[in-house]
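For the protein sequence lines, the chains are W and G, in the order given.
Counting in the working numbering, the first sequence runs from 1 upward without gaps.
Counting in the working numbering, the second sequence runs from 1 upward without gaps.
Worth flagging that the hints you see were computed from the coordinates, not collected in a lab.
All of these numbers come straight from a predicted model, not from anything done at the bench.
Worth double-checking, as some hints may not be accurate.
Some chain W residues well away from chain G (every beta-carbon gap over 12 angstroms; in silico) [said to hold, decoys possible]:
hint, residue
1, Phe43
2, Thr61
3, Tyr143
4, Val183
5, Gly193
6, Val271
Here are the simulated lysine to aspartate or glutamate pairs, DMTMM-like style, with alpha carbons at most 25 angstroms apart [as the list claims (entries may be wrong)]:
hint, chain 1, residue 1, chain 2, residue 2
7, W, Lys238, G, Asp153
8, G, Lys292, W, Glu284
9, W, Lys238, G, Glu119
10, W, Lys238, G, Asp145
11, G, Lys618, W, Glu59
12, W, Lys238, G, Asp424
13, G, Lys292, W, Glu59
14, G, Lys292, G, Glu119
15, G, Lys239, W, Glu179
16, G, Lys292, G, Glu42
17, W, Lys238, G, Asp55
18, G, Lys239, G, Glu205
19, G, Lys239, G, Asp291
20, W, Lys238, G, Glu42
21, G, Lys239, G, Asp145
22, W, Lys238, G, Asp252
23, G, Lys239, G, Asp717
24, G, Lys618, W, Glu147
25, W, Lys238, W, Glu67
26, G, Lys292, G, Asp107
27, W, Lys120, G, Asp227
28, G, Lys239, G, Asp107
29, W, Lys238, G, Asp196
30, G, Lys292, G, Glu313
31, G, Lys239, G, Glu225
32, G, Lys292, G, Glu110
33, G, Lys239, G, Asp227
34, W, Lys120, G, Asp717
35, G, Lys292, G, Glu155
36, W, Lys120, W, Asp184
37, G, Lys239, G, Asp153
38, G, Lys292, G, Asp627
39, W, Lys120, W, Glu78
40, W, Lys120, W, Glu179
All C-beta atoms, glycine included, are put in the ideal place defined by N, C-alpha and C.
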Amino acid sequence: MSPQETPSPRRKGWLGAFAIHAVLLLGVAFALYPVLWVASLAFSGSATPEPRVIPWPSEPTLRHLQEVVGATADDGGETVWIFGRQLLNSLVVATATALVGVLIAIPTAYALARFNFLGKRTGMGVLLATQMFPAVASAIPLYLILEASGLLNTRTGLVLCYASTAVPFAIFQLRAAFEAIPVDLEEAAMVDGATRLGAFVRVVLPIARPAIAVTSLFAFMSAYNEFILAATLLDDSKMFTLPVMLQRFVGEYDARWEAFAAGALVVSLPVMGLFYVAQRHLVEGLASGGVKG
Amino acid sequence: MSNLARWVLRLAPLLWALWLPSRAHAGAASERIRLWHAWRGEEEAVLTELLTSWDGTPVEVLAVPYDALSSKLGSAIPFGEGPDVFVDSHERLGEYQRRELVAPVGDAFEPGVFVAEAEAAVTIDGQTLAVPLSLKSLALYVNDDLVQRVPADLEGIAALQGALPAGVVALAYEANNAYAHAALLHACGGRMLAPDDGFGLVGPEAEASLEVVLSLLASGAVPSEADGALVTNLFRSGKAAFAMSGPWLAADLPTSLRYHVETLPVLARTGTRLQPLLTVESAMLSPNGADKPEVRRFARWLASATAARRRAERARGVTARNDVPSDDPIVRAFLEQAGLAVPMSTSTAMRATWEPANKALRKILRGDAPVAEALAEAEHRFALVMRAPPAPRSPTLLLLALGGFALMGAVLLGQRARTAGFRDQVRRSIPAWLWLVHAVVAVGALVVLPLVVGAATSLFAGPPGDVHYVGSANFVDILTARGGPLFASGSFWLTLVITVVWTVVNVALHVGLGLVFGLLLARPVLRMRAMYRVLLIIPWAVPNYVTALAWKGMFHRQFGAVTGATMALGDWLGIAIEPISWFSRFSTAFTANVATNAWLGFPFMMVVTVAALGSVPKDVLEAAEVDGASRRQRFLYVTLPMIGPSLIPAIMLGAIWTFNMFNVVFLVSGGDPDGTTDILVSEAYRWAFTRDAQYGYAAAYAVLIFVLLSGITRGLDRIGARAKAKAAV
């Protein structure tokens, strides 16, 4: 009991705490159940799938996991560990998207937060408008642009596509974060002789670090999780990202749910780990201006 | 600074790694033969094995999911990309020919060695457009432990139902799938495609065939809502005496099961045999590939007797050659069935038949609509997809308008340039421009340009390769529901209503759950706060297509957790609850979508709430408390108004995301039942990728979505501004 709480009878406080934990535990059960269910399916060895409520594997096995992770492919006579390649593709593409997106967005967002200039309003309007146009319509033109620049079926091409959604979002996020930082700090540094760039790098960037981390995480996740564009633009299994690989397990005519579940587990782990590391910053990053669309 | 520099140095090798392999790849592609296929399991294994004995140019293989193959071909080959050779079903040839995705195969076709049906199937207007590989059709699987004597007709098979052990069905097949239903339709004298390329599943023959299925379902001889996986499961586990399925079923059956395959039975009431559709799986050549002698040699080799023999031995492939006899009884049964089957039409209209036919079948078999009415609706849908593109219009008006706008812009700009402060403004803007010139270039090329081109597509129509300007015809078509009733099933207006309901329900759930958990997590005293926060955030961390597919699995009728829960509840209460088929009813399918989306979206709102609560000054709350405000009053009159302004932008963003949440709708319900749970984005996707590549039509949907969203955000923005003003007071 904290001293600030209303001085209520001890029993009532105990009941209240119990209710709070009950609600939270219910929420946790809701959040965890599908994950556990997928995990139990991934480790199930029984031949005929049966409905089950308790997420525990029947006839536990590592077979599906081994099949997915150990997948190999023949590449002109030599055997390559295709799963490893695809995991690397996913990580490289997502990391590069986050880097490209955030590097382009940082100076832009700063300029939008601090300067007044010709075309600012128009630019912001255009940027906001792009967020509302569904990607279905721009997929074909994007394909043509990549084709023209010889980047079709390359990771670079995919990164450029993903950057096209990551950049506007990162600009909005970071602009809000920069706006939340008091101007006085930079002005003080500039009075002490720092240039605008120097003040930005030495004063503003360190303060904005949580917001930059969270923005990078979002850019990383959006690229790591995307599959429709990847499925359209890539046509070499050595270039595939993991979602495209997973898609094969749940085709319309032939679904292999156990293998999908095993793959889903492996695919989700890296991003869940990253999320765990970044979640401390999440509140901070969103609080410092956060999601002002 | 040094910190940043170190990071850049550390990441430089990564960027290199990104560039180098892609370059190496671009160089190597031309020296290889590229082969795309949709084979799985044994068939894929045979191909891999066969390729080790191919002595020519190395082959680069790509396995594409069957449902994605045709749209992938369509988006690659016209641009000179994609495969040299691909394996696909012959019935797509007509469409591929029209879209110039295939070219005549020339000397890849070995004359005189293929069975007549196969040769006819790959020939259009005297041109041979593919090399036949194998024949696929349905046939009758018989469980020899359950059946001693095979009845002569379908009615006889159904009559066995009473004599079979409990829990065993007489005949397992995909009754609500038009491909399987075609066998019955043929026995009733109908055709899937009328002679003049009209919709075939309509009229007295179609109605008669459906009456047969309805009576089979009513007697319990055929399982309702069976998909391919259920048919496999039932027959494999001895819970079906007969199964109507293709050669692929044999691959999934254990050796311990005693069964044989024979041709489909006769339908006694018409005296005609059930004739399945025949598909000739063939190797096709893209125009690029057909030019290369080595590629043609490869295609010829793929269809060679040696390759055919391996496919027959290992994967039970029914070869299209007449010089490779097989002594496998199953292969021979399928070969015999192929001779009694109806080759699928190569007409472009064939592909447009499936979607409406399947929808109608499901509707009728569920008992949702009378037979004739549902079939008439299907015919109407078919007509919409097949309708001729709007007539070309002169673009003069558009060009005039564009010219006018450009002129007006130039005049305005010129006027502004002449005002006094302009030069000064430009000079003062230059330092700021330097900060973002790179972003303007990048966003311009990657975001704005594709969007503008995409939006402009909405003014065009016609099949790919023959596109013409049609003015606003696409928009007029969509907004007038193509001349039908405005709120007819599948119309823009009905879909819009669904989309709005979808968005409102989801955002309300996100905000509700987010507020509850956010408020609880932000309490000053809470044990295990860190643990709760990490666990509650998990749904946000899971990739959303994984989430969507996982939830689809949980709602699965045979093995889903939700099904398990309802059955366990039934056991506990001592009543038998039939497993609910979640995606056969609008209310349950919509609920499944909402449950999925609520799960994946609430953590975002929760974190936003926690962040916003962090900025509520404690002294204000304390002051309210001292003034005697109750907990509810403090929340309603102090907390909520203070966090409101930071919640509004998040709600706006959430609304935009939900409005365009393609993944959940597409992957969970897939629009089922009957396209009723489709939202605008998934409808646009269907027009672009599954309905005859009507990009212009899809783009018009996208433009309309854009207009709607701009309106909504404007509105929310105003509410936000008002809330802010209120909070400031």
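Hint check:
1. Every Cβ of chain G is farther than 12 angstroms from the Cβ of Phe43 of chain W; the closest lies at roughly 15 angstroms, confirming the non-interface assignment.
2. Every CB of chain G is more than 12 angstroms from the CB of Thr61 of chain W (nearest about 16 angstroms), matching its label as outside the interface.
3. With a minimum CB-CB distance of about 6 angstroms to chain G, Tyr143 of chain W fails to clear the 12 angstroms threshold, and the non-interface call is violated.
4. With a closest Cβ-Cβ approach of about 15 angstroms to chain G, Val183 of chain W is found to remain outside the 12 angstroms limit, as its non-interface label requires.
5. With a least CB separation of 15 angstroms from chain G, Gly193 of chain W remains clear of the 12 angstroms interface cut-off, as annotated.
6. Listed as outside the interface, Val271 of chain W is inconsistent with that label: its C-beta sits roughly 6 angstroms from the nearest C-beta of chain G, within the 12 angstroms cut-off.
7. Taking the CA atoms of Lys238 of chain W and Asp153 of chain G, the gap is near 51 angstroms; set against the 25 angstroms cutoff, the hint is violated.
8. Between Lys292 of chain G and Glu284 of chain W, the direct Cα distance comes to roughly 60 angstroms. Violation of the 25 angstroms bound is thereby established for this hinted pair.
9. Of the pairs offered as hints, the one joining Lys238 of chain W and Glu119 of chain G is violated, with about 36 angstroms between alpha carbons and a cut-off of 25 angstroms exceeded.
10. Of the pairs offered as hints, the one joining Lys238 of chain W and Asp145 of chain G is violated, with about 46 angstroms between alpha carbons and a cut-off of 25 angstroms exceeded.
11. For the suggested pair Lys618 of chain G and Glu59 of chain W, the alpha carbons sit about 54 angstroms apart, so the restraint of at most 25 angstroms is broken.
12. Between the alpha carbons of Lys238 of chain W and Asp424 of chain G the distance comes to roughly 55 angstroms, so the proposed pair goes past 25 angstroms and is violated.
13. Proposed proximity of Lys292 of chain G and Glu59 of chain W is contradicted: the alpha carbons are some 52 angstroms apart, above 25 angstroms.
14. Straight-line distance between C-alpha atoms of Lys292 of chain G and Glu119 of chain G comes to about 23 angstroms, which keeps the hinted pair within the 25 angstroms bound.
15. Straight-line distance between C-alpha atoms of Lys239 of chain G and Glu179 of chain W comes to about 67 angstroms, which puts the hinted pair past the 25 angstroms bound.
16. A C-alpha spacing of about 29 angstroms is found between Lys292 of chain G and Glu42 of chain G, which places the hinted pair above 25 angstroms, so the restraint is violated.
17. As the CA atoms of Lys238 of chain W and Asp55 of chain G are separated by approximately 23 angstroms, the hinted pair is consistent with the 25 angstroms bound.
18. As the CA atoms of Lys239 of chain G and Glu205 of chain G are separated by approximately 31 angstroms, the hinted pair breaks the 25 angstroms bound.
19. Using a Cα cut-off of 25 angstroms, the hinted pair Lys239 of chain G and Asp291 of chain G is violated, with the two alpha carbons roughly 52 angstroms apart.
20. With a C-alpha separation of about 21 angstroms, the suggested pairing of Lys238 of chain W with Glu42 of chain G holds against the 25 angstroms cut-off.
21. Taken as a hint, the Lys239 of chain G and Asp145 of chain G pair is honoured in the structure, with Cα atoms around 11 angstroms apart against an allowance of 25 angstroms.
22. At roughly 28 angstroms between alpha-carbon atoms, Lys238 of chain W and Asp252 of chain G are farther apart than 25 angstroms, so this suggested pair is violated.
23. Between the alpha carbons of Lys239 of chain G and Asp717 of chain G the distance comes to roughly 60 angstroms, so the proposed pair goes past 25 angstroms and is violated.
24. With a CA separation close to 57 angstroms, the supplied pair Lys618 of chain G and Glu147 of chain W exceeds the 25 angstroms bound.
25. A distance of roughly 17 angstroms separates the Cα atoms of Lys238 of chain W and Glu67 of chain W; the hinted pair therefore holds under the 25 angstroms criterion.
26. Taking the CA atoms of Lys292 of chain G and Asp107 of chain G, the gap is about 11 angstroms. The hint holds against a cut of 25 angstroms.
27. Straight-line distance between C-alpha atoms of Lys120 of chain W and Asp227 of chain G comes to about 56 angstroms, which puts the hinted pair past the 25 angstroms bound.
28. The straight-line distance between the Cα atoms of Lys239 of chain G and Asp107 of chain G is roughly 49 angstroms, outside the 25 angstroms bound, and the hint therefore fails.
29. Of the pairs offered as hints, the one joining Lys238 of chain W and Asp196 of chain G is violated, with about 45 angstroms between alpha carbons and a cut-off of 25 angstroms exceeded.
30. Of the supplied pair hints, the one linking Lys292 of chain G and Glu313 of chain G is violated, its CA atoms being roughly 31 angstroms apart against a limit of 25 angstroms.
31. Distance check on the hinted pair: Lys239 of chain G and Glu225 of chain G sit about 16 angstroms apart at the alpha-carbon level, within 25 angstroms; holds.
32. With a C-alpha separation of about 17 angstroms, the suggested pair Lys292 of chain G and Glu110 of chain G falls inside the 25 angstroms cut-off, and the hint holds.
33. Proposed proximity of Lys239 of chain G and Asp227 of chain G is supported: the alpha carbons are some 15 angstroms apart, at most 25 angstroms.
34. Proposed proximity of Lys120 of chain W and Asp717 of chain G is supported: the alpha carbons are some 19 angstroms apart, at most 25 angstroms.
35. Simply put, Lys292 of chain G and Glu155 of chain G have alpha-carbon atoms about 54 angstroms apart, too far for the 25 angstroms limit, and the pair is violated.
36. Taking the CA atoms of Lys120 of chain W and Asp184 of chain W, the gap is near 23 angstroms; set against the 25 angstroms cutoff, the hint holds.
37. Using a Cα cut-off of 25 angstroms, the hinted pair Lys239 of chain G and Asp153 of chain G holds, with the two alpha carbons roughly 21 angstroms apart.
38. As the CA atoms of Lys292 of chain G and Asp627 of chain G are separated by approximately 88 angstroms, the hinted pair breaks the 25 angstroms bound.
39. Simply put, Lys120 of chain W and Glu78 of chain W have alpha-carbon atoms about 55 angstroms apart, too far for the 25 angstroms limit, and the pair is violated.
40. For a cut-off of 25 angstroms, the pair hint linking Lys120 of chain W to Glu179 of chain W stands: about 15 angstroms separates their Cα positions.
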